[in-house]
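K.L.:
Now for the letters of each chain:
Protein chains: 2
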Amino acid sequence: MVLAEELAKQQRSISVAEFFEKNKHLLGFDSPTRGVITTIKEAVDNSLDACEEAQVLPDIFISIRKVSNEVFRIIVEDNGPGIVPAQVPFVFGKLLYGSRFHQIRQTRGQQGIGISAAVLYAQLTSGVPTIVISRTGAKESAHRFEIQIRIETNEPDIIAAGPFEWDRTHGTRVQIEFRSTMAAKKKLLEYLRYTSVVNPHARFRVELDDESFTFERVSQEAIACPVAIQPHPHGIEFGQLKRMVAASDLNLAEFLVESFSRVGKKSAQEICGRAGLNGSRKVRGLSTEDLKKLLAAMQEVAVPAPPATQCLSPIGEELIRRGLEKEFQMDFVAARTRPSSVFSGHSFMVEAAIGYGGRLPAEGNAILLRFANRVPLMYQQGACAITECVTGITWKLYNIPSQGGFPAGPVLILVHVASTNVPFTSESKDAIAGIPEIEKEITLALQDLGRELKNFVSRRDKSKLAEDRARAVCAIIPEIAEKVSEIVEKPLVDTSPIEGKLMRKMIAKKATREGNVTIELNNYTTQDADVSVYEISPDNAADAVPKADFVSEMDGQFTKVWKIKIPPREVWRVSYSGKGGGILDIRGIEDAKKMVVDLDV
Amino acid sequence: MVLAEELAKQQRSISVAEFFEKNKHLLGFDSPTRGVITTIKEAVDNSLDACEEAQVLPDIFISIRKVSNEVFRIIVEDNGPGIVPAQVPFVFGKLLYGSRFHQIRQTRGQQGIGISAAVLYAQLTSGVPTIVISRTGAKESAHRFEIQIRIETNEPDIIAAGPFEWDRTHGTRVQIEFRSTMAAKKKLLEYLRYTSVVNPHARFRVELDDESFTFERVSQEAIACPVAIQPHPHGIEFGQLKRMVAASDLNLAEFLVESFSRVGKKSAQEICGRAGLNGSRKVRGLSTEDLKKLLAAMQEVAVPAPPATQCLSPIGEELIRRGLEKEFQMDFVAARTRPSSVFSGHSFMVEAAIGYGGRLPAEGNAILLRFANRVPLMYQQGACAITECVTGITWKLYNIPSQGGFPAGPVLILVHVASTNVPFTSESKDAIAGIPEIEKEITLALQDLGRELKNFVSRRDKSKLAEDRARAVCAIIPEIAEKVSEIVEKPLVDTSPIEGKLMRKMIAKKATREGNVTIELNNYTTQDADVSVYEISPDNAADAVPKADFVSEMDGQFTKVWKIKIPPREVWRVSYSGKGGGILDIRGIEDAKKMVVDLDV
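So the protein sequences, as listed, match chains X and D. Quick note: the first sequence uses our numbering, first residue 8, plus one each step. Quick note: the second sequence uses our numbering, first residue 8, plus one each step.
Accuracy of the hints is not assured; some may be wrong.
Pairs count within a copy or across copies, as identical chains cannot be separated in the list.
List of simulated lysine-lysine pairs, DSS-like, C-alpha gap at most 25 Å [claimed, not checked]:
| hint | residue 1 | residue 2 |
| --- | --- | --- |
| 1 | Lys73 | Lys300 |
| 2 | Lys554 | Lys516 |
| 3 | Lys554 | Lys572 |
| 4 | Lys249 | Lys29 |
| 5 | Lys73 | Lys273 |
Worth flagging that the hints you see were computed from the coordinates, not collected in a lab. For clarity, every value in this text was computed on a predicted model and none was experimentally measured.
Turn these sequences into a full structure, and let the hints guide you.
P.N.:
In structure tokens:
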């Protein structure tokens, strides 16, 4: 048949650069606007990963500027460890090149594709080479490169290279230009805001044409860099095992202990026994049949889960709360970091948070923030396992209304999946695949947080009810007191402590009698009160018991400050000799919870 | 800084095979069950593409058999043109290798990844090499290969190769074994059923352990193989243009005409003029600045859309209807093939169909069949632009109820997107990305079909009402006739024509008087009746006017058949000499629409 011969002539190898040039949407370059976000995301991921490896607090500068009618210039600059000159062309000019692909630990970049894809996209649309400046230390000089990718071979094409004067002592700066019709400003700021929430140790400065924005860090501690671990015996497949064996000089027992995570001598012996193989045999001599038995035994023998604390880097409940509180004003935030778990031998950990009320929009769908290895997922919400879990929860159980399964109202949900191998649905890394183990953990975290939110809302509703009642009662107490004082013909009593008790407030009362000033604080709230009593009057209170923590004078007026802590339902008192008058205030407690009764005024 | 040096040591190149081994879910191998479907889908896609190229009616045999506890053997065999022996190892043993990647035309396989990914998955999970047998013609001998992929280099590893005795004269057979816990039988049959709907020229035979299934072809015509075209000047990017120019010896005007689709001499001149470039300059000498001007001019000058009829292969409304009618029993089917359109210089065409009633489930969501280049999309419905369009339609306008935007009830929706470059959201090719131009075409097709369905349903409802009324009237007509005949003392008249008129039926009446037999057909329906009149009686009707189209005799009984066409509200008559009696029937019309009144019986 002639046809087969003809077809054969058309067969040829496709370079991975050609492949991704044609399928650029797979990497998140489907539209010029999205290209801007994706480029910045890839560069920022690399910067954050590098800073983590160098234990540097990241200071990242991002700039987007329109340089001509249709061309945008994107700059991302970091204070990371820099890249040695020999590696720069490969890191930026070759797809599938990187340091993190073969390591089993949590990293943002996984695949060695991201930033080189941006370089590819730039040369495809604008034809302008990417400019990289990098410096690895104060004693080294900086180097500047102009780089493109040879599409047919997927090898770097160095247009220009040489030393460069740079004021930074270490770091990397990448400048990419491509054709776009507009910069997605709102989406970009959203991306940086979310990134800042889950990277509380990083600072981002942004210049968007002529506007500047700063996202400050809320933590001054560099996060521990996850440590690479060996593969877990339960997560290995036949093909991998075969390759590992072929590359090893060890005997079987040593091989198992050395090459796998959590396999000790005892487990190794058990595996050998179950596989019917002698532990002292060289692994390289094992036949295919032997290897199949070995693999089966490895997967049957109980071995502890991989050491997640080393290889994963969760954000932690405290920092998630602080990150969210910095960026969103809410009445309630709760966070959960679930224990680490395993799917197909890969460690993972789910963190989640729920926020409620405050400035969150009261109407419409809840806000959902999805993260994978501290990177916000900005697209394809509908295709993500996180979304599926969120809509799978019966929110009614937690008194949260929902629309088509999705929670509604002033609710914010954050889910962070950290793993040594995040199962994305596509290279564009927009959505997490529906792995049952991960879905289970997300669901448990959300249910737990749902219960907590339910408690908060019902407590708040209850206390609101109690307050409404108390307010009604308080309104008539002074009238009753007046009537009583008329009837019994006694002076009007001070009803404020009753009101304070009913309303659960902090009551400060000041009275001056016979040259003696007394200030009394009653804590009728249900919590410890950490407050400062401020008094400004002509008295210097030199003989005050207890003594003021701070006294200052101005124009004959003395400001006295007592810093005090009062447990619930207890009283604090101070007295000194003086004439009274002046101003009294309690600070460190919200206005609605305090009541100052200055009988001197 | 020492750290950059340390990081540099970990940098390395990643082979595309390593990449996809680690990210196997990207290619649709996320679970062992799904792996079975994906493998068969990739093999069947290749078979159908090859048969199309060879203009062969595809006969495809598929077998799945459990060969050991956890290992499944999958075989796909076709009668295609075969693959020449030198190419077999590359086609199956190297990712990113193929004949269709660089061609601009509609094909099922696009990327040269699919089947080699299945080989990769097999060797990873079972360690068993893939067996390929192929033969390119009766005069050539068949060859058999055992193939794996060298992961580190992405090159084929030929375990065994040699000539082979095979009873097929041409075709390819691939046998892949991998570890799986179960075969997804229901999903697989669904996949084949849908594939059969959009490939009406193909036959599929399936053996699933001990069960067999056949999906027959409904069309005997091999479909025209789409022809590869040149890129369109509006769909080209700077990087591509630069490469094309570098490889060309032509002058600019020739280059434009030769290298691009739909650019004639006039358009070429116009492009040169607008770019301010002389058409007689060698393109290879153009500077980057020249090329930028050229690209801008190419995109500004009006050029007709790419020649879609050559490079696309729509199924057609008639075959879609037939394919659907074969696999689903419905009361109504309508199909639309939209005119071809363009996104980013790529031709595409949308086809859609709506089915209603019959055996479709009356409750729950509508059935949605999604296709891209004649391949069913079986996963990630939620992430697909087709689904988005379906839920974006206001179905209430067409009297179709919906749940959460998705149509509900006995409705089936089919959408087929054919393109020279289907924009999938991921390599697993499960979902189409949300390209506005494509979404617009899908929406228009569905709205059009929605209107048609609405008309059908309202006509049906109206005619049902009319029929109910007519039935009530008909029920009393014979009684009235009886009373009347009693009163006027005349014989009972035949009321059937009245009934026929009221009920809009086809009435056949036969009467024999004085040695003369008359058959009369009244078409009281609203449509042309294409029917056959069957009469079996002892009369041979030799003098019949008109003559019978067919007469046969058995045991003294003559079967006479008249094939006739009667317009609505007209009458057809035949008479011949004879004694009458026997059997009369009308065929080619449903029972509910006919009424036979044989006055001889």
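K.L.:
Each of the hints needs a verdict: does it hold here or not?
P.N.:
Against the structure, the hints come out as follows:
With identical chains, the CA atoms of Lys73 and Lys300 are at most 25 Å apart between copies only, with a shortest distance of 19 Å across copies and 62 Å within one. Taking the shortest alpha-carbon separations for Lys554 and Lys516, only the intra-copy value of 18 Å comes in at or below 25 Å, while the best inter-copy value is 121 Å. In this homomeric assembly, Lys554 and Lys572 come within 25 Å of each other (Cα to Cα) only inside a single copy, at 15 Å, whereas the closest approach across copies is 116 Å. Taking the closest pair of Cα atoms, Lys249 and Lys29 come within 25 Å of each other only across two copies (15 Å); inside a single copy the shortest separation is 34 Å, beyond that limit.
When the C-alpha separation of Lys73 and Lys273 is checked against a cutoff of 25 Å, the pair qualifies neither within a copy, at 64 Å, nor between copies, at 35 Å.
Violation of the numbered hints given earlier is confined to hint 5; every other hint is satisfied by the structure.
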